[in-house]
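Chemist: Given the coordinates of chain A, assemble chains B, C, D and E onto it according to the supplied hints.
Read off the chains here:
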Amino acid sequence: MAKKKHHLNSIATEPENEDFYHQPGTIPGTIIVDANAPPPKIVLIDYSPTEAISKEIDTPEECIPYLDTESVSWVDVRGLGNEDILQRLGQVFELHPLVLEDIVNVPERPKVQDYEDQLVIIARMVMPKKKNHGFHSEQVSFVLGKHYLLTVQEEPKRDCFEPVRSRIFKNKGIICKNGSDYLAYALIDAIIDGFFPVLEKYGERIEDLEDEVISQPTPKTLRKIYKVKQELLQLRRAIWPQRNLLHTLIQDDNEIISNEVRVYLRDCYDHAVQVIDMVETYRELASGLMDVYLSAVSNRMNEIMKLLTVISAIFIPLTFIAGVYGMNFNTEKSPYNMPELNWYWGYPACLAVMAVIAALLLYIFWHKGWLENSSRLNR
Amino acid sequence: MAKKKHHLNSIATEPENEDFYHQPGTIPGTIIVDANAPPPKIVLIDYSPTEAISKEIDTPEECIPYLDTESVSWVDVRGLGNEDILQRLGQVFELHPLVLEDIVNVPERPKVQDYEDQLVIIARMVMPKKKNHGFHSEQVSFVLGKHYLLTVQEEPKRDCFEPVRSRIFKNKGIICKNGSDYLAYALIDAIIDGFFPVLEKYGERIEDLEDEVISQPTPKTLRKIYKVKQELLQLRRAIWPQRNLLHTLIQDDNEIISNEVRVYLRDCYDHAVQVIDMVETYRELASGLMDVYLSAVSNRMNEIMKLLTVISAIFIPLTFIAGVYGMNFNTEKSPYNMPELNWYWGYPACLAVMAVIAALLLYIFWHKGWLENSSRLNR
Amino acid sequence: MAKKKHHLNSIATEPENEDFYHQPGTIPGTIIVDANAPPPKIVLIDYSPTEAISKEIDTPEECIPYLDTESVSWVDVRGLGNEDILQRLGQVFELHPLVLEDIVNVPERPKVQDYEDQLVIIARMVMPKKKNHGFHSEQVSFVLGKHYLLTVQEEPKRDCFEPVRSRIFKNKGIICKNGSDYLAYALIDAIIDGFFPVLEKYGERIEDLEDEVISQPTPKTLRKIYKVKQELLQLRRAIWPQRNLLHTLIQDDNEIISNEVRVYLRDCYDHAVQVIDMVETYRELASGLMDVYLSAVSNRMNEIMKLLTVISAIFIPLTFIAGVYGMNFNTEKSPYNMPELNWYWGYPACLAVMAVIAALLLYIFWHKGWLENSSRLNR
Amino acid sequence: MAKKKHHLNSIATEPENEDFYHQPGTIPGTIIVDANAPPPKIVLIDYSPTEAISKEIDTPEECIPYLDTESVSWVDVRGLGNEDILQRLGQVFELHPLVLEDIVNVPERPKVQDYEDQLVIIARMVMPKKKNHGFHSEQVSFVLGKHYLLTVQEEPKRDCFEPVRSRIFKNKGIICKNGSDYLAYALIDAIIDGFFPVLEKYGERIEDLEDEVISQPTPKTLRKIYKVKQELLQLRRAIWPQRNLLHTLIQDDNEIISNEVRVYLRDCYDHAVQVIDMVETYRELASGLMDVYLSAVSNRMNEIMKLLTVISAIFIPLTFIAGVYGMNFNTEKSPYNMPELNWYWGYPACLAVMAVIAALLLYIFWHKGWLENSSRLNR
Amino acid sequence: MAKKKHHLNSIATEPENEDFYHQPGTIPGTIIVDANAPPPKIVLIDYSPTEAISKEIDTPEECIPYLDTESVSWVDVRGLGNEDILQRLGQVFELHPLVLEDIVNVPERPKVQDYEDQLVIIARMVMPKKKNHGFHSEQVSFVLGKHYLLTVQEEPKRDCFEPVRSRIFKNKGIICKNGSDYLAYALIDAIIDGFFPVLEKYGERIEDLEDEVISQPTPKTLRKIYKVKQELLQLRRAIWPQRNLLHTLIQDDNEIISNEVRVYLRDCYDHAVQVIDMVETYRELASGLMDVYLSAVSNRMNEIMKLLTVISAIFIPLTFIAGVYGMNFNTEKSPYNMPELNWYWGYPACLAVMAVIAALLLYIFWHKGWLENSSRLNR
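Residue numbers (the numbering used here), protein chains in the order written: chain A, 205 to 583; chain B, 205 to 583; chain C, 205 to 583; chain D, 205 to 583; chain E, 205 to 583.
By construction, these hints were calculated from the structure, which means they are not laboratory data. Quantities reported herein were computed from a predicted structural model and do not represent experimental measurements. Hints may contain errors.
A pair counts as met if it fits within one copy or between any two copies, since identical chains are not told apart.
[Stated by the list, open to error] DSBU-like, lysine-lysine: derived pairs with alpha carbons at most 30 Å apart:
#1 LYS333 to LYS361
#2 LYS405 to LYS431
#3 LYS245 to LYS537
#4 LYS572 to LYS431
#5 LYS374 to LYS334
#6 LYS424 to LYS572
#7 LYS424 to LYS405
#8 LYS381 to LYS335
#9 LYS424 to LYS381
#10 LYS333 to LYS405
#11 LYS537 to LYS350
#12 LYS315 to LYS405
#13 LYS333 to LYS424
The shape of chain A in the complex, shown without the other chains (with noise of 0.2 Å):
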């Protein structure tokens, strides 16, 4: 089994996931360190319905006790830069090597597998930029056994499990009250929902490009519709592994998730199902936009061509008259030869000739509406 770890982000616009893969043919179980990937920091949350505590740990091995009381066991590991760590905390929770290589050769794709006493699930979180466009695109994998939940994130810096935390420690809602399984319900859920606020700027995103493409379609703006239809295709890459992911836990019926926490992972599903209902709709409209976009230009060329037009048509018979007053014709060798030149309203009858073919011209455009798109041309 070839350690990868590698292109589903290619498309992403981070540049911290440096995707790469190993020589085909490795042993499988082999974890990959990625150099530059931050090191792991591990805390421990440890709750039953009366007491909570937390405390961050250095060694995999410092949760043993916990793991196997009463007492619900959170370890959250954040970050995946130390090879030694991960390699004991695959020990600690007695891991198949598989199952680490899975959670640690990032990334991997949305996924979740039963092995006996433990339910391995691989899951993708995103989160918004705060400066820019697009978001953060994570993954988390869960070990989740009887009495504990192993969390691995890929980087420590920011993740959507604040408000559990939260709830955790201030003892609000059920979730005290409840195994483990809750727990792992309550973070899919976290990471479900985080998907929300990722699409509603694609939504604010596609109206402003709404905008923008008729009424000023420049190459910047095709370049953003098809930034956006890029992002979207990874949305929905991250979104579709996880509804067939949440399908499966509900269907399954296996001991480690009760039946209670299934009715939660249904209302889950369902969230899941109306982010895939959003991804694809604005997909759609994305992909229509670039119809308009191609639409938007050819029109804004045929305003283009109706000014040269108009132009022409106007100025190149005016042209050809003064060219005609221009030729040299001996008017002394014969009376037929330019006799207007001779004249005493020549010069100012050639002019009205001039105005009124001018006028006519311009009347004739006005009326076909020409005059005004031309100037709706910058609206």
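Modeler: Same frame as chain A, now just chains B, C, D and E:
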């Protein structure tokens, strides 16, 4: 479970639908009251085969005496603007916290859920706008019990249930002889049938656009087509899950819905399929229109270019001839220097040549059919 | 159940199909009689292996004596313009109110429904128009009982059942030896086979458009392609549900249809699949035509631009030269001021230079192949 | 059941396939003999593991003695032009009337049908045309009994069964050791494999078009692409139902086909899937070509426009300058009136200015890369 | 069964893949040796948990002593150029004739087939080309028995199995402790993982094209996009059937593959799905690029047209004015005949008017933003 009240309608055109969502990770079952939502108005209709009463009530608790009687009690809540009343409503009807959240935190995706002795149905009602294009879209939630039906609407101003109310009080048809399940059917049927007038307007708009797109394609047309596509996408998102919802109602064997009503629901399901059929057809037509638009714009460009080419092709050679005889070669230095200038018929001959060339070119273009086309341009 | 008579045909070209619908929320089973619908004409055909009679009757009640005899009774109602007669028809045949509604409130989507001892089939018949393009589309409803078949057509003027009637009276084939189920099969088969002549016309129109689109693309062509696509969409909407209907008839085990007739229906199903195949193929071809049209229009634009460019490229330099020798520099002030004007061969040399330039440019354009193309433009 | 002989091939390019159909509503099982169809030629091949005979026979009845012997009898009927012989054939082989109709009223959609002790297979054979592009398409019907195989071909001139005949008479491979089911397999396999040479030609044509479309896009190219798409659509319509047919043959458990032959049919099925794979790939490539064509045409337009712009941009300013010095302001009236005309170096200076402007503009356009492009135009 | 060695790779860019096929209708199991195929080189690797040997052998018969021992024997045949050796190979491994045909007559579609005590897997290996774009594609066939694995490669020069060989000899991981099924897994895993480096190159090419298509769209870009689409189509055709193949291996219950290896294959299946995901994403991106290209070309056209229009709009009126004062009306005949020519400030005034007009037009165009755009044209 995050509470969210968000983007399902983001492409709707109703400004009252302010989409927002809560912090991912908040407690499931939390309800969010939109500050701008209208305060709830509660109407209780209680009827039996022999009599029917209707009264507006202030507190949910006033319903309690009616709920367990044999007569059908329809509690219709319109408006979501008071958290306290909504919470008490939940207690009166013993709603699961997730159900209350689904009812209040609109928009939710249409679905049906079975909670032992209650059937919860989330539906979406559309009504054509009176003044402009587009439609109002509103969530209607049903909680169906053995002898009662709770409906919760977003908006007190309008619904499409008036004919049903009238049938109850005029004791028309079989509605009063049947239970709450038939009432629920009658309302859902009214919702599904409410799609038809909306769709009819889109049928007309598409027909108008067909004409406009071929005869007068402007950027405004483009915007209209895009708008229609967008709104049809929204209709599609509203009707598809309702079809599935009806399918579930027909298939599932729960005790709340009787077999006789199931026959009626099957008919209602057929109508939902018919709505989908029409939505998809209109979507295909609208997509086709976009292609036609692009082609029509290109066509007009051709016409413009033809006009420019005809004008240029005719005057450029003539102007050249005029230019030639405007040269100042000294006719006195040589008999070969522009002897035409001194010919007796020089000028008339020159004009005649020009006229012949112009006539010839005009004939060629007429023969190619360019002249008629450009005259047809604005039709 | 709202009664609606609406938009299924909104894209049909028949003005007689005035689409309308009732207020959503009206009583299910209400029938709506279109004021312009033709009054019903009822024909009763009763046949057994040995004899066949046909008579036109005025009231539905006249059928009653025939219905329960062993001979097959075919009651053919043509026209939906009399509510009283339709209601009495419902009583004679003991139709469920929903069935009567489906039969009368056209258009309904084709479907089959099983009502204990009756099989209700809603089908859609198409017939090519005689004078112009397009087709007539009409709903035919079947109510099939053990010894009788009720058919209801929208329109008395035309149907495609004449050959079946003739087979009954001439006692040709096995029709008279079989029951009402075989009669229903024979009529459905006639309906399905009726799609082939309609499709053939589309095949021809598409072939015509193929030529037109490449050699003479005009906005009219565009309109025609769009029209064909639209009508094929409508055909598709008519045939798909009939395929499903036939599939249901073959699969279901109800007692009204015998196994022998099921073999025939399987053949009819194959034909429906063949119709779908052809409709989809034509739709793909028509879509392809739209792309070809766009390309062809661009091609013509290229040709027009080439012509303009050739003309401009040839005459603009020549005109420039003429302009140069039209300058009025004073040759007397300096020997360097336009000495060409006083040369003996000045003018001929100038013309010669112009001719050489023109010839050279023509050669270049001919070499590029631009000249042939522009001459091929109208072919 | 209407007899129809219609449009499946309407997009075929073979004029001999005159499509027609009968009046909808005629008696099922009626066969329609096309007046132009070639008269049938019947060849009987009878073989056992030890010997093989072949003889041409005149009447179907001559087959009877061979049909029930243990040896395999292959009756190959080529041509559909004699109704009497076809009817007698139906009697000899005891065909169901619908089967005879399917065999004779070509084109029928490929399918397999099980009639107790006969298996009826309708297949479609394609052969590349020798002289021009495209392919011959012909229906081959199989009636497979325990000891005999009846095949009916549309056309006596060509088929792709020659190698099979040769294997029978040279007793090569295992064909003679097996029954009629193996013979049917061998012929179907020959039909499926016959798609490969046809497809190969399309592969080549698409490759040729790829070059043409980028370097030399003309309306002719467009027509070719459309043609290829059209013909691939036809191939697809021929192969898809044959895949389903093979799938049915493998899955069904009927006694006529032995398990050993089923292994061979599975291989044949794999080839059909491979054909579908290639057809779909070619279709995608051809669709892509249409896009490329459109882009390439736009590209050429750009090149043409650049050329026009370069020419105009260079000569228009020069012509203007020439025009200025062609003005007739009276130099004697004022020292400010065109003093340049009387300068000693006036004319050379003027020409020099013109040259500088031209050189400058040429440099700018060269720098923009427009000059190279327009020279690359015809490559 | 026709022997064919044909078009699966027709769109590949490797000239060595000369596609050809045999006459349809030839004997199934016939193998076709391509005259240019490299002669086979056979390497036998035999290993047990304790030791591993590797030797190159000349004749297939040399394998026989190893095949039935408990140790795992991997016979790796590279090259298909010798019919005799291939036939003897078939005898040594007791291959069904159809299997030998599938192995030798490349390309075959990837698939898995179960022959009692052998599992035959046809896979397709891809490797990035070192020097240019594109990839090498090669069929690898596996015949998996209880204690042996036969692999047949098309090409001796390269494969991606080297790391597996190295793991065997260095006794790394668990490969030597497991049977031939694990070896087959390891090789298939290496094949699937071999898609990632190929895909990564496409990710990079698409990113490069994104830049190019917006800033510098040339016909070359078009060709590149088309090429990428084409090659991705080919990758897709290679990976999809391998996903199905892995799915079959996981699901089927045959005895050759142990449950432990099935866990590993499930992981390998996940990677295949990930590959498909990436291929589809890249295909969508490449399709989007084509649209962007078309829009970008239109954009550039707009820029070119703007430039032409600006130049024409400025100089055409000026030239007209110059033309007017180049007319030869006789100023002596009338005071109204071009009195400007005799004004003292006539010429300067004329030039000034021209300058004002030019400045005004420039200002208008600058205001419309046309001037900046045309300067941005080549960026």
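Chemist: Honestly, which of those hints from before does the structure not fit?
Modeler: 3, 8, 9, 11
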